[in-house]
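Chemist: Please construct the entire structure, taking both the sequences and the accompanying hints into account.
Sequence lines, in order, name chains A and B. Take the first sequence: its letter number 94 is residue 289 in the working numbering, and every next letter is one higher. Take the second sequence: its letter number 224 is residue 229 in the working numbering, and every next letter is one higher.
The set of hints was computed from the structure by calculation and includes no laboratory data. For every residue, glycine included, the Cβ atom is placed at its ideal position computed from N, Cα and C. Treat the hints with care, as some may be off.
Unchecked claim - Just a few of them, taken from the derived set where beta-carbon distance is under 7 Å, the chain B residues facing chain A:
1) Tyr16
2) Thr50
3) Phe51
4) Ala54
5) Ser55
6) Leu58
7) Ser59
8) Asp63
9) Leu64
10) Ala65
11) Leu73
12) Val79
13) Thr81
14) Tyr82
Stated by the list, open to error - In silico SDA-like cross-links for lysine to any residue, where the CA-CA straight-line distance does not exceed 20 Å:
15) A:Lys330 x B:Leu58
16) A:Lys330 x A:Arg309
17) A:Lys258 x B:Leu73
18) B:Lys80 x A:Glu242
19) B:Lys80 x A:Ala206
20) A:Lys330 x A:Leu311
21) A:Lys330 x B:Glu49
22) A:Lys330 x B:Ala53
23) A:Lys258 x B:Val231
24) A:Lys330 x B:Asp24
25) A:Lys330 x B:Arg48
26) B:Lys80 x A:Phe207
27) A:Lys330 x B:Asp66
28) B:Lys80 x A:Asp210
29) A:Lys330 x B:Pro62
30) B:Lys80 x A:Thr250
31) A:Lys330 x B:Lys80
32) B:Lys80 x A:Pro251
33) A:Lys330 x B:Ser59
34) A:Lys258 x B:His74
35) A:Lys258 x B:Leu70
36) A:Lys370 x A:Phe310
37) B:Lys275 x B:Phe137
38) A:Lys258 x A:Glu242
39) B:Lys80 x A:Ser208
40) B:Lys240 x B:Val274
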Amino acid sequence: MRCRQRKHAVAFSEDEFENIYRTWAPALFNFTARLVGRQEARDLVQETFLRLFRTPAPPDRVKPWLYRVAYRLCIDHHRRKKAAPAHPVSELPEPGDPGANPETVYLAREAMARFLAAFRNLPPEGRALLLLREKDNASYREIAAITGITVEAVRSRLYRARAALHRALAIEEAK
Amino acid sequence: MRLAGCTYWEYQISLDLDDELAVDGRDALDRHLNGCAHCRGVRETFAAASGVLSSLPDLADPGLLAALHDDIWVKTYRARHKPKRRRLVWPAVAAALLAAFAAANLWLGPLWQRPALVAVTLAPGNCLELIFNQSMDSTSWPGTATVPASAAGRLNAPMTGGPSAGTAAPFAAGGSQTQGAPQMSHAPAMENSPVFGTFSPKAAPAQPTPAPVPSYTVSRQGDQLVVSFAGPLPKGPFQILVPATLRDRWGRKLGRTYLVVIDQGSVAVKTQ
Chain A
196 MRCRQRKHAV AFSEDEFENI YRTWAPALFN FTARLVGRQE ARDLVQETFL RLFRTPAPPD
256 RVKPWLYRVA YRLCIDHHRR KKAAPAHPVS ELPEPGDPGA NPETVYLARE AMARFLAAFR
316 NLPPEGRALL LLREKDNASY REIAAITGIT VEAVRSRLYR ARAALHRALA IEEAK
Chain B
6 MRLAGCTYWE YQISLDLDDE LAVDGRDALD RHLNGCAHCR GVRETFAAAS GVLSSLPDLA
66 DPGLLAALHD DIWVKTYRAR HKPKRRRLVW PAVAAALLAA FAAANLWLGP LWQRPALVAV
126 TLAPGNCLEL IFNQSMDSTS WPGTATVPAS AAGRLNAPMT GGPSAGTAAP FAAGGSQTQG
186 APQMSHAPAM ENSPVFGTFS PKAAPAQPTP APVPSYTVSR QGDQLVVSFA GPLPKGPFQI
246 LVPATLRDRW GRKLGRTYLV VIDQGSVAVK TQ
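Modeler: Following this line, the structure appears as structure tokens:
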């Protein structure tokens, strides 16, 4: 039986693609999972890397490219689902010291649960901006490139997201 | 207590957390914070949220990442190196075309067949039937071509040329209705020839006067032409012309004139 190779070109060699995956997949999965939940994040990250594989020309900078694609997939996912993501309980921090005071551990877990509940109530665009800035240490310029808005818009929207989180935390504290 | 201009300072606090404030702006913010408890609370909340967000635990455990890696690998490079069976596109197309051609031949008859006359019979009632190999489009026939008896009689003379020269049989010819007189290849009769010089032509042997050929009508009935004579047929051999315009199955027009020789019950046909 005669065989032939698929002829379409790819932008990366196997080793390059492997390095990109090992470098960026964990952070990308964290970013995506906090926007859409863990189960959906697996599919969206997979779709992101498949698009990277199929892109005809390699992007100049891989990180903004990956985050931009993942961000748009998450926004599209939210528009389709219109539902808040289900964050797993395992996201709450485990007690680091076995000998710590159980009451302190309990209060810390309660505080984290309230914070995550307030964070989940933010719109996905605000959550993405906060995660990119605080968790991934992205600059305003990088955030602008990922989300497709201007640097000035990043400034004001980051402030609005922080203010909204502040209000949501106040509501959670009052409960 | 929240002041009227605190929104501006909250925005400055957000910029300060991101190290986006200049020195002058930071000094002004510090002066405002010294006198505004609300903005101090906002700054503490913003800073705490920033600290919590930056220390969020990783959600991607190694097992999940490895499984995800395998999924991506299967769909990218492993699929790229997977031997692929050669597609049988062109043989399938050729087989489909051949099957369609065979089905069309079975359903419509041989596609290469051209319309042709297959049989001629003498029918009762002074009728001649020309049978073709397929049904014809009614518009392809000239309809009814009637040859007047006078025209048939004028041509009913011994011929000195043409395809039947040398025969002593009387001839008649038919033609299309538009031309009035039938078209037939023949030489003029001897009595109508021009005379060159003074000589006495050799007298032709006396021949019996042939009986006139009655006028005839050509009409179409399905896949056959019917030639109906207006009167009784002569006893001797004679011939008529039957014009027809045929169309093959592709719509191409084929003009045919059939020379039908009738001799006491036997019929022969030649295509002109």
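Chemist: All hints, please: hold or fail.
Modeler: Hint by hint, here is what the structure shows:
no., hint, verdict
1, Tyr16, "holds (5 Å)"
2, Thr50, "holds (5 Å)"
3, Phe51, "holds (5 Å)"
4, Ala54, "holds (5 Å)"
5, Ser55, "holds (5 Å)"
6, Leu58, "holds (4 Å)"
7, Ser59, "holds (5 Å)"
8, Asp63, "holds (6 Å)"
9, Leu64, "holds (4 Å)"
10, Ala65, "holds (4 Å)"
11, Leu73, "holds (6 Å)"
12, Val79, "violated (10 Å)"
13, Thr81, "holds (4 Å)"
14, Tyr82, "holds (5 Å)"
15, A:Lys330 x B:Leu58, "holds (6 Å)"
16, A:Lys330 x A:Arg309, "holds (19 Å)"
17, A:Lys258 x B:Leu73, "holds (18 Å)"
18, B:Lys80 x A:Glu242, "holds (10 Å)"
19, B:Lys80 x A:Ala206, "holds (15 Å)"
20, A:Lys330 x A:Leu311, "holds (14 Å)"
21, A:Lys330 x B:Glu49, "holds (18 Å)"
22, A:Lys330 x B:Ala53, "holds (13 Å)"
23, A:Lys258 x B:Val231, "violated (89 Å)"
24, A:Lys330 x B:Asp24, "holds (16 Å)"
25, A:Lys330 x B:Arg48, "holds (18 Å)"
26, B:Lys80 x A:Phe207, "holds (15 Å)"
27, A:Lys330 x B:Asp66, "holds (17 Å)"
28, B:Lys80 x A:Asp210, "holds (16 Å)"
29, A:Lys330 x B:Pro62, "holds (10 Å)"
30, B:Lys80 x A:Thr250, "holds (14 Å)"
31, A:Lys330 x B:Lys80, "violated (30 Å)"
32, B:Lys80 x A:Pro251, "holds (17 Å)"
33, A:Lys330 x B:Ser59, "holds (4 Å)"
34, A:Lys258 x B:His74, "holds (18 Å)"
35, A:Lys258 x B:Leu70, "holds (18 Å)"
36, A:Lys370 x A:Phe310, "holds (13 Å)"
37, B:Lys275 x B:Phe137, "holds (14 Å)"
38, A:Lys258 x A:Glu242, "holds (15 Å)"
39, B:Lys80 x A:Ser208, "holds (15 Å)"
40, B:Lys240 x B:Val274, "holds (18 Å)"
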